[in-house]
Amino acid sequence: MSLRTGTFHENYAQEMATLSSRRQWGTVAALLVFLFVCPLFLSDRMLTILTTMGIAVVSIHGLNILTGYCGQISIGHSGFMAVGGYTSAILCAKLGWPFWAALPCGALAAGIAGLLFGLPSLKIKGFYLIMATIAAQFIIIWIIIQLRSITGGTDGLLVPKPVIGGIVLSSKTNYYYLVMVFVVLSTITAHNIVRTRAGRAFIAIRDNDLAAEVMGVSLWSYKLQAFFIGCIYAGVAGSLLVHYVRFASIEQFPFMDSVWYLGMLIVGGMGSTAGAIFGVVALKLLDELVTVAGPILAAAVAPQAAASLALISHGLIIIIFLIFEPRGLHHRWEMIKTYFRLWPFSHQEIE
Amino acid sequence: MTFFLQLVVTGLAQGMVYALIAIGFVIILKCSEVFNIAQGHFVMIGGYLGWTFLVPFGLPIWAALLAAIAVAVVMGLLIERLMLRPLIGQPVLAVVMMTIALSTVLGGLATLLWGAEYKAYHGLLPTITMKVGEISIPSESLIGLIVSIICVALLMLLFRYTKIGLAMRATAEDLQVVQSVGIKATTVYAASWIIASVVGVIGGILLGGVSGANMDLALIGLKAFAVVLLGGVNSIGGAIVAGIILGMLENVAAGYLDPLLPGGGLAQVFPFFVMIIVLVFRPHGLFGLAHIQRV
Numbered sequence: 001m002s003l004r005t006g007t008f009h010e011n012y013a014q015e016m017a018t019l020s021s022r023r024q025w026g027t028v029a030a031l032l033v034f035l036f037v038c039p040l041f042l043s044d045r046m047l048t049i050l051t052t053m054g055i056a057v058v059s060i061h062g063l064n065i066l067t068g069y070c071g072q073i074s075i076g077h078s079g080f081m082a083v084g085g086y087t088s089a090i091l092c093a094k095l096g097w098p099f100w101a102a103l104p105c106g107a108l109a110a111g112i113a114g115l116l117f118g119l120p121s122l123k124i125k126g127f128y129l130i131m132a133t134i135a136a137q138f139i140i141i142w143i144i145i146q147l148r149s150i151t152g153g154t155d156g157l158l159v160p161k162p163v164i165g166g167i168v169l170s171s172k173t174n175y176y177y178l179v180m181v182f183v184v185l186s187t188i189t190a191h192n193i194v195r196t197r198a199g200r201a202f203i204a205i206r207d208n209d210l211a212a213e214v215m216g217v218s219l220w221s222y223k224l225q226a227f228f229i230g231c232i233y234a235g236v237a238g239s240l241l242v243h244y245v246r247f248a249s250i251e252q253f254p255f256m257d258s259v260w261y262l263g264m265l266i267v268g269g270m271g272s273t274a275g276a277i278f279g280v281v282a283l284k285l286l287d288e289l290v291t292v293a294g295p296i297l298a299a300a301v302a303p304q305a306a307a308s309l310a311l312i313s314h315g316l317i318i319i320i321f322l323i324f325e326p327r328g329l330h331h332r333w334e335m336i337k338t339y340f341r342l343w344p345f346s347h348q349e350i351e
Numbered sequence: 001m002t003f004f005l006q007l008v009v010t011g012l013a014q015g016m017v018y019a020l021i022a023i024g025f026v027i028i029l030k031c032s033e034v035f036n037i038a039q040g041h042f043v044m045i046g047g048y049l050g051w052t053f054l055v056p057f058g059l060p061i062w063a064a065l066l067a068a069i070a071v072a073v074v075m076g077l078l079i080e081r082l083m084l085r086p087l088i089g090q091p092v093l094a095v096v097m098m099t100i101a102l103s104t105v106l107g108g109l110a111t112l113l114w115g116a117e118y119k120a121y122h123g124l125l126p127t128i129t130m131k132v133g134e135i136s137i138p139s140e141s142l143i144g145l146i147v148s149i150i151c152v153a154l155l156m157l158l159f160r161y162t163k164i165g166l167a168m169r170a171t172a173e174d175l176q177v178v179q180s181v182g183i184k185a186t187t188v189y190a191a192s193w194i195i196a197s198v199v200g201v202i203g204g205i206l207l208g209g210v211s212g213a214n215m216d217l218a219l220i221g222l223k224a225f226a227v228v229l230l231g232g233v234n235s236i237g238g239a240i241v242a243g244i245i246l247g248m249l250e251n252v253a254a255g256y257l258d259p260l261l262p263g264g265g266l267a268q269v270f271p272f273f274v275m276i277i278v279l280v281f282r283p284h285g286l287f288g289l290a291h292i293q294r295v
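If you're matching them up, the sequences are chains A and B in order. With the working numbering, you'll find the first sequence wraps up at 351, consecutive numbering, no jumps. With the working numbering, you'll find the second sequence wraps up at 295, consecutive numbering, no jumps.
What the hints contain is simulated information worked out from the structure, not anything from laboratory work. Don't take each hint at face value.
What the hints assert, rightly or not - Pulled a few chain B residues facing chain A out of the computed Cβ check, cut under 7 Å:
#1 T104
#2 P262
#3 F272
What the hints assert, rightly or not - Residues from chain B that face chain A, not an exhaustive set, calculated with beta carbons under 7 Å:
#4 F35
#5 P86
#6 V105
#7 V269
#8 I276
#9 L279
Glycine is no exception: its CB is placed at the ideal position from the N, C-alpha and C atoms.
Starting from the given sequences, assemble the full structure and let the hints guide the process.
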């Protein structure tokens with residue numbers, strides 16, 4: 001870690017602090033204030049985009065712990081979100097639970113589903129684990145369809161308006177604030193989980209699982225912990241999504257979403273909390289661009305051009321990042337920061 | 001009994017589709033340790049290419065086949081050179097995401113060029129119909145079976161008697177040794193992508209000739225991985241056997257269990273259940289080699 005000029009660490013607490021200078025505190029405070037005042041001047045459309053981005057960020061933090069830090073690749077994240085979303089939807093709609101109690105239960109249910117489908121990871125890794133998680137995605141959705149009497153099957157399930165402490169979260173602004181609270185909480189917890197003993201064990205497993213095991217890291221325990229924690233985030237995100245739309249349906253949790261979540265992680269940069277956020281923002285902005293450009297292209301070229309533009313642009317951006325910047329936007333951002341840290345007296349940096 | 005046999009025969013047809021996809025997948029995997037998620041898309045593209053050359057271009061069958069193979073060779077070469085070569089030595093996730101991205105790009109191209117529509121060209125290809133008792137065996141499964149057996153026979157000959165085949169087997173065994181004796185690994189990789197793409201496209205044309213070209217073939221590609229895992233990821237013969245087993249099991253299970261389940265649709269997820277079971281209890285499949293790991 002290279003420090004900014006003029007920043008000195010004099011004790012252990014300073015060494016361990018996430019935000020080490022006044023300027024960093026200032027930046028974070030400014031960002032929070034900006035998020036807080038956003039609804040005052042942004043349109044409903046923009047708030048919707050920010051809210052969906054927020055939900056995705058919560059989910060991606062989980063995937064980042066699981067895949068980015070622990071190296072257990074999961075292409076079933078959207079399925080785990082479905083578990084969380086449906087659990088809290090059923091608790092609210094069928095049993096009349098309050099929103100604040102249903103959400104943690106949804107998260108827990110997703111975590112348990114994660115444990116269950118994480119079991120194969122004890123024996124297999126790499127591509128085999130990818131296939132197991134893809135299977136998890138399809139099996140979860142199939143089970144949801146089978147449990148028609150409580151989930152509504154393919155028809156979906158209406159979810160009542162979420163209420164917290166007498167405040168009905170029915171407007172876009174209300175829900176935006178709720179999601180942003182979760183974004184901030186999940187970012188703080190995600191950033192700190194990877195600095196704990198468990199987090200270091202995750203990184204050791206990712207870098208070389210056999211070596212980690214020889215060093216005394218229990219693969220059995222930590223791989224399952226990674227699945228549990230990662231899927232809890234997915235569960236929270238899933239229940240936020242379901243209560244936002246106030247409708248739970250299997251179309252909200254398609255297989256391709258699981259793929260794009262990994263794509264977001266690659267574009268943003270794996271194994272970094274900031275990277276997860278960068279990735280979500282970048283790919284969601286691309287989505288919006290496609291929504292705007294699609295109809296224009298469809299009118300100019302052919303009616304099917306809009307659909308193909310969405311597929312091709314998403315595929316291409318992942319290909320481009322994999323080839324030219326496999327460490328993602330986060331790495332770019334670090335390089336820019338390093339450059340300006342020494343600016344204007346820059347010298348040749350040694351990698 | 002007739003019901004059971006009909007299910008088995010339909011399953012055979014499904015199994016042959018799986019096998020055709022699985023063969024291409026295994027070839028690439030054997031040589032370059034790349035897991036090609038887009039193999040099902042090669043088959044889909046093949047189906048559409050067959051339609052393009054046979055219907056709007058009106059070529060005779062042999063010319064259409066040659067033209068499609070030519071396109072497949074170029075496609076395989078371009079994909080290997082532009083997308084996979086920069087990723088040599090990268091982690092599994094990067095490679096898998098690359099092939100997933102490739103599959104979406106191929107899907108997007110197919111949508112753009114052919115409008116994601118169902119394109120039929122029945123009757124232009126020779127069909128074989130066979131009846132055993134009251135059960136009619138669909139021409140799809142027979143053609144699939146014949147083509148996959150021919151493919152496997154040709155590939156066996158290629159692997160056994162040609163220089164490039166030997167190089168491919170050696171690369172699968174040990175990359176460093178191969179490079180130290182002066183074999184260009186990149187040539188081997190390119191060859192494996194070309195072969196996989198050609199196998200996929202030929203399979204696609206035949207399937208398209210029977211059931212029409214459509215986007216669903218790409219989705220079947222995902223289910224075909226259950227076949228690959230069941231057969232053992234590095235066994236070409238295993239891919240065919242497992243394809244037939246899984247196709248039949250899937251249809252029989254769905255035929256008998258679907259009426260008992262409220263939502264049905266067991267055939268759609270059955271391969272994934274098999275996948276999990278295989279992964280947990282026998283990760284190297286029926287005919288694959290167990291992988292021993294050292295630090």
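A quick look at each hint next to the structure:
{"no.": "1", "hint": "T104", "verdict": "holds (4 Å)"}
{"no.": "2", "hint": "P262", "verdict": "holds (5 Å)"}
{"no.": "3", "hint": "F272", "verdict": "holds (4 Å)"}
{"no.": "4", "hint": "F35", "verdict": "holds (4 Å)"}
{"no.": "5", "hint": "P86", "verdict": "holds (5 Å)"}
{"no.": "6", "hint": "V105", "verdict": "holds (4 Å)"}
{"no.": "7", "hint": "V269", "verdict": "holds (4 Å)"}
{"no.": "8", "hint": "I276", "verdict": "holds (5 Å)"}
{"no.": "9", "hint": "L279", "verdict": "holds (5 Å)"}
Checked against the numbered hints listed earlier, the structure breaks none of them; every hint is satisfied.
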